[in-house]
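2 protein chains.
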Amino acid sequence: MSEVHAVRRGLLRDRCAAAGSAAALVSRPANVRYLAGGAPPGAVLLLGPGEDVLLCPRAPTGESAHGRPDEALRIDLLPVPDSDPVVAAAGLAAESGAGSLAVEEHDLTVARHRAMGKAAPRLVLADLGFTVEQQRIVKDEEEIGCLRIAAEITDQALGELLESILVGRTERHLALELERRLVDHGADGPAFATSVATGPNSGQGRHRPSDRRVEEGDFLSVRLGASYHGYRCEIGRTFVIGTAPTEWQIELYDLVFAAQRAGREALAPGAAYRDVDHAARHLLESAGHGEGLQSRTGHGVGLEIEEDPQLAPTAMGKLDACVPVTVEPGVHLPGRGGVRIDDTLVVRPEADGGPELLTMTTKELLAL
Amino acid sequence: MSEVHAVRRGLLRDRCAAAGSAAALVSRPANVRYLAGGAPPGAVLLLGPGEDVLLCPRAPTGESAHGRPDEALRIDLLPVPDSDPVVAAAGLAAESGAGSLAVEEHDLTVARHRAMGKAAPRLVLADLGFTVEQQRIVKDEEEIGCLRIAAEITDQALGELLESILVGRTERHLALELERRLVDHGADGPAFATSVATGPNSGQGRHRPSDRRVEEGDFLSVRLGASYHGYRCEIGRTFVIGTAPTEWQIELYDLVFAAQRAGREALAPGAAYRDVDHAARHLLESAGHGEGLQSRTGHGVGLEIEEDPQLAPTAMGKLDACVPVTVEPGVHLPGRGGVRIDDTLVVRPEADGGPELLTMTTKELLAL
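These protein sequence lines map, in sequence, to chains A and B.
Going left to right, the first sequence walks through residues 92 to 459 as our numbering numbers them.
Going left to right, the second sequence walks through residues 92 to 459 as our numbering numbers them.
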């Protein structure tokens, strides 16, 4: 493990040097974790010009294993209880002779950035941009292994819920129940706030669970994911409650299913992000559901639940192998409800069998 | 409700005008909620020079009631799906003739701030600082009413847990169980990540629940709180499991209890923050537990779980009436465990009966 993180830091250091900065300060928590193997709350990572060091607002005691940097790393841990770690880092970089320090301007607030400038007035603060986020897009097999376990946990939690009685229970309770089961099966916790949407709420990806109870005849959409060793996956399924589905429900389900399958099948190394999006989106648009469609039909996952790439009409770029993404189109008909189907997959070349599906729960329209 | 928020915005506008800015942009979510009655994800509030307007990254559909701005507000809602709302706000402020716009530099990232400057090059971006946070410190009775309900919910959830069998269950499960019960009793959700700490972990405020199981003879520390209509409270209690407590457990408990009582009794309008902290802290220090003590023994609560004031040795300022705070000293003996006792109280004048205790669960040392 520790070597992996050292290699990642080496890569970043090379990129910074090429851009003219001998030192970099990484403050975005997922980036810190990616490069150091762990991110105690508030910790920031100073790379070069001396030894790499993790600056923490306090000595990290009493943390559980997952939040701690890998001890095998031998990365120096420097508690700076009396100042903002980024300010201490600026001082340290200046002391060790760095002329410029690349910082994450998309993460640092104006106030912290200014305080760094005051603490080290001769240090030029450059912008590291999204360099680490870009580095994180393609995953190694260990990372994909974590995502695979996260998906297994998620499938188990969802599978158990489907065996229980659903009618009469509230969205809120079902969401909590799912989250409890995720943890039961070994998740660090939910990857994001679990969404359970019934009846007219169904089909909305970001619906926050309410006190509405599941009723006979409802569509029921759930969207959940486990986090495992920090890696987050996502699954979304829509079911029909009780009676057999009505005609409009079957039609809508078939449409979204076809769109989701088209998106999945478009995943390949070299495929443009926008083409994957288009594959799913145009089926929904052709069927007259263009209005109100979500702005993207998928996105990368990893240490954060929403990473690059974005599978969206205006996204620039092409998929690489070993990039895990979601494919998650949906249609919501105001007042009636709708359908969402989300999977997490890993882009693989045709020769390796094509996209690897991580979330295995059936996508048949189940009547529960 | 809507009048309350308009009055708050009026107050803020006056303060901005006094500081030389006719317009302000509020981006910190809790501040947006305080001033607008709700904060859809990513929404920012532009105050003056024209009508106040809430800029949202997308039209807020399918949100549950608590996340939405009060419709009675008649505050304009402007969806800006294709740009960062703060950038759109800068353009809007410039168009409506504002010469300067006060922004929350402690919330805005360098990258967003720069994008605002590019979008409106003639607009001077001033710093609003913590003006809204300061405005939020003293609560009105409606806010305190929400906190009171949050505390009732929290007491109920904790009370139910105490009636169940604890030995053999993991910290993680107990934490999830508590969070489920909070929601059962009407919470929006937990106010912060519930901490359950057993045996050697006990007494640590920030312990993340692990797979350790509750054992006979353990100290068990729990720390939880409900969020109700956005208002967050906190309770912390320590119990002994199974057998009668041992002598060191009783001694340590009595000490922390005395310190916590001293802190509570020091709460009064006009009391210096540091004096309240000292009242609790010096008892622990005198007993030889000075090393490893937490940096503060309490803090304000409200729309965020950690607000000003800070009850800490170097904090400047004095308490006002109607300020809700926690008093939460603790001692942790490495390898053995420890005790924490947290309450949420509202500062009230002596004439009104002194500090109002919101979290009612007994502070006797219970053997469960």
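Worth flagging that the hints you see were computed from the coordinates, not collected in a lab.
Careful, some of the hints might be misleading.
Reference listing, derived: stretches of chain B covered by chain A, where coverage requires no fewer than 3 residues with Cβ under 8 Å from a Cβ of chain A [to be verified]:
| # | region |
| --- | --- |
| 1 | 232-238 |
| 2 | 269-275 |
Beyond 12 Å from chain A on every Cβ pair, some chain B residues (computed) [what the hints assert, rightly or not]:
| # | residue |
| --- | --- |
| 3 | Ala97 |
| 4 | Ala109 |
| 5 | Asp173 |
| 6 | Gly188 |
| 7 | Val194 |
| 8 | Glu243 |
| 9 | Gly445 |
| 10 | Glu447 |
| 11 | Leu448 |
So the derived label-pair ranges between C-beta atoms look like this [as the list claims (entries may be wrong)]:
| # | chain 1 | residue 1 | chain 2 | residue 2 | range |
| --- | --- | --- | --- | --- | --- |
| 12 | A | Asp167 | B | Gly383 | 19 to 29 Å |
| 13 | B | Glu186 | A | Arg297 | 25 to 35 Å |
| 14 | B | Glu455 | A | Gly188 | 57 to 67 Å |
| 15 | B | Arg213 | A | Thr453 | 23 to 33 Å |
| 16 | B | Glu232 | A | Pro404 | 46 to 56 Å |
No residue lacks a Cβ here, since even glycine has one placed at the ideal position from N, Cα and C.
* To do: Confirm or reject the statement that glycine 188(B) sits farther than 12 Å, beta carbon to beta carbon, from all of chain A.
  => The claim stands: glycine 188(B) keeps its Cβ more than 12 Å from every Cβ of chain A (closest is about 24 Å).
* Over 12 Å to the closest beta carbon of chain A is the bar; see if alanine 97(B) clears it. => About 26 Å separates alanine 97(B) from the closest Cβ of chain A, which puts it past 12 Å; holds.
* Taking the shortest Cβ-to-Cβ distance between alanine 109(B) and chain A, state whether it exceeds 12 Å. => holds, 21 Å
* Asked: Beyond 12 Å from every Cβ of chain A: is that where the Cβ of leucine 448(B) lies?
  -> Since the minimum Cβ distance to chain A is about 28 Å, leucine 448(B) lies beyond 12 Å and the statement holds.
* Outcome for the supplied range 25 to 35 Å, where the beta carbon pair is glutamate 186(B) and arginine 297(A) -> Holds, since glutamate 186(B) and arginine 297(A) (Cβ atoms, about 31 Å apart) stay within the stated range.
* Given coverage of the region 232-238 of chain B by chain A, tested with a Cβ cutoff of 8 Å and a minimum of 3 residues -> Not satisfied, violated; 0 residues make the cut.
* At the C-beta level, are aspartate 167(A) and glycine 383(B) separated by a distance inside 19 to 29 Å? -> Since aspartate 167(A) and glycine 383(B) have Cβ atoms about 22 Å apart, the given range 19 to 29 Å holds.
* At a Cβ distance under 8 Å, does chain A reach at least three residues of the region 269-275 of chain B? -> holds (count 4)
* Assessment of proposed distance window 23 to 33 Å (beta carbons of arginine 213(B), threonine 453(A)) -> violated, 59 Å
* **Range agreement (Cβ of glycine 188(A) with Cβ of glutamate 455(B), hint 57 to 67 Å)** => holds, 60 Å
* Once the closest CB in chain A is found, is it more than 12 Å from glycine 445(B)? -> holds, 33 Å
* With d taken as the least Cβ-Cβ distance between aspartate 173(B) and chain A, does d exceed 12 Å? -> Answer for aspartate 173(B): violated, closest chain A Cβ roughly 9 Å.
This entry does not satisfy hints 1, 5, 7 and 15, going by the numbered hints stated previously.
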